[in-house]
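Residue numbers (this note's numbering), protein chains in the order written: chain A, 1 to 149; chain B, 1 to 346.
Bear in mind the hints are in silico, worked out from the structure with no lab data behind them. Virtual Cβ for every residue (Gly too), placed ideally from N, Cα, C. Don't take each hint at face value.
Pairs of lysine to aspartate or glutamate, DMTMM-like flavour, derived with a Cα cap of 25 Å [to be verified]:
hint: 1; chain 1: B; residue 1: Lys34; chain 2: A; residue 2: Asp97
hint: 2; chain 1: A; residue 1: Lys149; chain 2: B; residue 2: Asp221
hint: 3; chain 1: A; residue 1: Lys78; chain 2: B; residue 2: Asp148
hint: 4; chain 1: A; residue 1: Lys120; chain 2: B; residue 2: Asp30
hint: 5; chain 1: B; residue 1: Lys84; chain 2: B; residue 2: Glu144
hint: 6; chain 1: B; residue 1: Lys34; chain 2: A; residue 2: Glu17
hint: 7; chain 1: A; residue 1: Lys35; chain 2: B; residue 2: Asp136
hint: 8; chain 1: A; residue 1: Lys149; chain 2: B; residue 2: Glu46
hint: 9; chain 1: A; residue 1: Lys78; chain 2: A; residue 2: Glu17
hint: 10; chain 1: A; residue 1: Lys100; chain 2: B; residue 2: Asp198
hint: 11; chain 1: B; residue 1: Lys277; chain 2: B; residue 2: Asp333
hint: 12; chain 1: A; residue 1: Lys36; chain 2: B; residue 2: Asp193
hint: 13; chain 1: B; residue 1: Lys287; chain 2: B; residue 2: Asp315
hint: 14; chain 1: A; residue 1: Lys72; chain 2: B; residue 2: Asp30
hint: 15; chain 1: A; residue 1: Lys139; chain 2: B; residue 2: Asp221
hint: 16; chain 1: A; residue 1: Lys85; chain 2: B; residue 2: Glu144
hint: 17; chain 1: A; residue 1: Lys149; chain 2: B; residue 2: Glu342
hint: 18; chain 1: A; residue 1: Lys100; chain 2: B; residue 2: Asp30
hint: 19; chain 1: A; residue 1: Lys149; chain 2: B; residue 2: Asp198
hint: 20; chain 1: A; residue 1: Lys139; chain 2: B; residue 2: Glu144
hint: 21; chain 1: A; residue 1: Lys139; chain 2: B; residue 2: Glu46
hint: 22; chain 1: A; residue 1: Lys132; chain 2: B; residue 2: Asp40
hint: 23; chain 1: A; residue 1: Lys40; chain 2: B; residue 2: Asp40
hint: 24; chain 1: A; residue 1: Lys78; chain 2: B; residue 2: Asp30
hint: 25; chain 1: A; residue 1: Lys132; chain 2: B; residue 2: Glu46
hint: 26; chain 1: A; residue 1: Lys19; chain 2: B; residue 2: Asp40
hint: 27; chain 1: A; residue 1: Lys32; chain 2: B; residue 2: Asp193
hint: 28; chain 1: A; residue 1: Lys75; chain 2: B; residue 2: Asp221
hint: 29; chain 1: A; residue 1: Lys137; chain 2: B; residue 2: Glu46
hint: 30; chain 1: A; residue 1: Lys87; chain 2: B; residue 2: Glu178
Covered stretches of chain A (chain B as the covering partner; in silico rule of three or more C-beta atoms under 8 Å from a C-beta of chain B) [stated by the list, open to error]:
hint: 31; region: 20 to 30
hint: 32; region: 39 to 49
Read off the chains here:
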Amino acid sequence: MKRLILSFILLYTVVLEAKVTINSASYQQVVKNGKKRWVKATKVVPGTIILYINTISNSGNSSASNLIIDNKIPKEMKYIRHSAKSKLRANITYSVDNGKSYHKPNRLYVRKHGKRVRAKAYDYTNIRWVIKRLKAKTKTVVQYRAKLK
Amino acid sequence: MKNISKVLSVILLGGINLYGAGTLAGTQVDNSVKLNYKVDGTAQSEVVSNTDSFVVDNKIDLTVTHQDASAVVVKANSNDQVLKFIVKNTGNKVQDYSLSSTLNDGNPFSETDNFDATNVRIYVDGNANGTYESADDTQDYIDELAPDATITVFIVSDIGAQSDGDVSEHTLTAQVAEGGASSSQGADITSDDASSADTAMGVEIVFADGDGSGATDGAKDGKYADNSAYKVSTAELSVTKGSCIVSDPYNGTTNPKRIPGAKIRYTIEVTNSSSSKDATEVTVTDKLSSELTYKSGLVSTESCDCANPGADNGDSVSVSGQDVTINYDTVEDGVTECAYIEVEIN
Numbered sequence: 001m002k003r004l005i006l007s008f009i010l011l012y013t014v015v016l017e018a019k020v021t022i023n024s025a026s027y028q029q030v031v032k033n034g035k036k037r038w039v040k041a042t043k044v045v046p047g048t049i050i051l052y053i054n055t056i057s058n059s060g061n062s063s064a065s066n067l068i069i070d071n072k073i074p075k076e077m078k079y080i081r082h083s084a085k086s087k088l089r090a091n092i093t094y095s096v097d098n099g100k101s102y103h104k105p106n107r108l109y110v111r112k113h114g115k116r117v118r119a120k121a122y123d124y125t126n127i128r129w130v131i132k133r134l135k136a137k138t139k140t141v142v143q144y145r146a147k148l149k
Numbered sequence: 001m002k003n004i005s006k007v008l009s010v011i012l013l014g015g016i017n018l019y020g021a022g023t024l025a026g027t028q029v030d031n032s033v034k035l036n037y038k039v040d041g042t043a044q045s046e047v048v049s050n051t052d053s054f055v056v057d058n059k060i061d062l063t064v065t066h067q068d069a070s071a072v073v074v075k076a077n078s079n080d081q082v083l084k085f086i087v088k089n090t091g092n093k094v095q096d097y098s099l100s101s102t103l104n105d106g107n108p109f110s111e112t113d114n115f116d117a118t119n120v121r122i123y124v125d126g127n128a129n130g131t132y133e134s135a136d137d138t139q140d141y142i143d144e145l146a147p148d149a150t151i152t153v154f155i156v157s158d159i160g161a162q163s164d165g166d167v168s169e170h171t172l173t174a175q176v177a178e179g180g181a182s183s184s185q186g187a188d189i190t191s192d193d194a195s196s197a198d199t200a201m202g203v204e205i206v207f208a209d210g211d212g213s214g215a216t217d218g219a220k221d222g223k224y225a226d227n228s229a230y231k232v233s234t235a236e237l238s239v240t241k242g243s244c245i246v247s248d249p250y251n252g253t254t255n256p257k258r259i260p261g262a263k264i265r266y267t268i269e270v271t272n273s274s275s276s277k278d279a280t281e282v283t284v285t286d287k288l289s290s291e292l293t294y295k296s297g298l299v300s301t302e303s304c305d306c307a308n309p310g311a312d313n314g315d316s317v318s319v320s321g322q323d324v325t326i327n328y329d330t331v332e333d334g335v336t337e338c339a340y341i342e343v344e345i346n
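Extracted from the complex, chain A is given alone in its bound form (with noise of 0.2 Å):
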């Protein structure tokens, strides 16, 4: 009876489990028969613009809750101002800093010729997406789009 009572617990702790997986991919934008489309990236050469898109999977039972979403902005990227998303509501921040601090655009700062100025676009290190829940079952996507210098 004990061990059937011990079964039972352990196989409710796997069910109450939310299992979240992320992956990225970068795209490029082509024009076919007249018709703009995104293609996976591989021709790429300085001045193409990449869309990255990053989905995240809950393949658990258990929603999962205050999903925080982190990406370093590739050093040969300029990121394009904007152009970050999220299908579900989120709340986007930016680095300057590699990702020791994040904030708003209009709280984003630099030092140039010796003055602090605000940051442009283009010299954001990293964004930040913040999700509260991704239920169980479910994927949803965050995506930007950068410049390659």
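Starting from the structure of chain A, add chain B where the hints point.
Just chain B now, with coordinates in the frame of chain A:
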């Protein structure tokens, strides 16, 4: 504040090999994401995504620009005359470039081409001083030109017996070639990978060059052309001789006749019809008939008027036996000078 400065220094110093032409071909760009979350208020282990990667492809782009503000003025019958161009690698990889020149394919100076310079050669500015020197500038292709780098290229030609104002057009074309092997000319790259399947981790070739000058250059063809021109500037002299009778011993200056003792005035008019080139050290020798004796001579800077000689401009007239030598010194472009030689009939 000090900490902020340090952080910014790290950001600035920790950069990539970035050129005006952009990220170098072959650079791998990675993106990965970290995810933290909670379940029922309990923090879970951090989840790290896959690393999404691609490799930057080879953007081939270049420019060729003539450096002469106007057609290069050359003399007739002159060798090794130089047209100057600058070739710039605006792509993102070290490249070689093969060079070629064509004739009669336009010029930027609104000149009208009407002859072909000969013995046309192309040389790269080997010592990078911007001046053609036959001893130093001997290579006829561009070797290992880095992204954003420029190099001067010369078209060197010979000019034949041309007339003043003649124009010869020349076009310089730089064709991109494989780089990577110093002191060895790489094979021309004549097509890109636009029509072939691409790979995320391979370095494909993408032509991005613009449409240069000349009929043979187009956009996205891996080459670029620009043109320039030579313009011949040379003095063009013509000589005209005339005469009139001034006086005779019996009639004086009234209806004089050509009898022994009469004075005859010869005019020797020299005209330089060039629009831009002075003629210097102009000398005319006139051999007088044995029946004539030289009396006086002068040179005037105007057209000849046998009955009314112009003012002496100081140029010299000398005689040796029956040979009269007139030194016009310099006859400027577009100017006529006249020598007046007075002789007496023996």
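Are there hints from earlier that the structure breaks, and if so, what are their numbers? Numbers 7, 8, 9, 10, 15, 16, 17, 20, 23, 28 and 30 - these are the hints that the structure violates, sorted from lowest upward.
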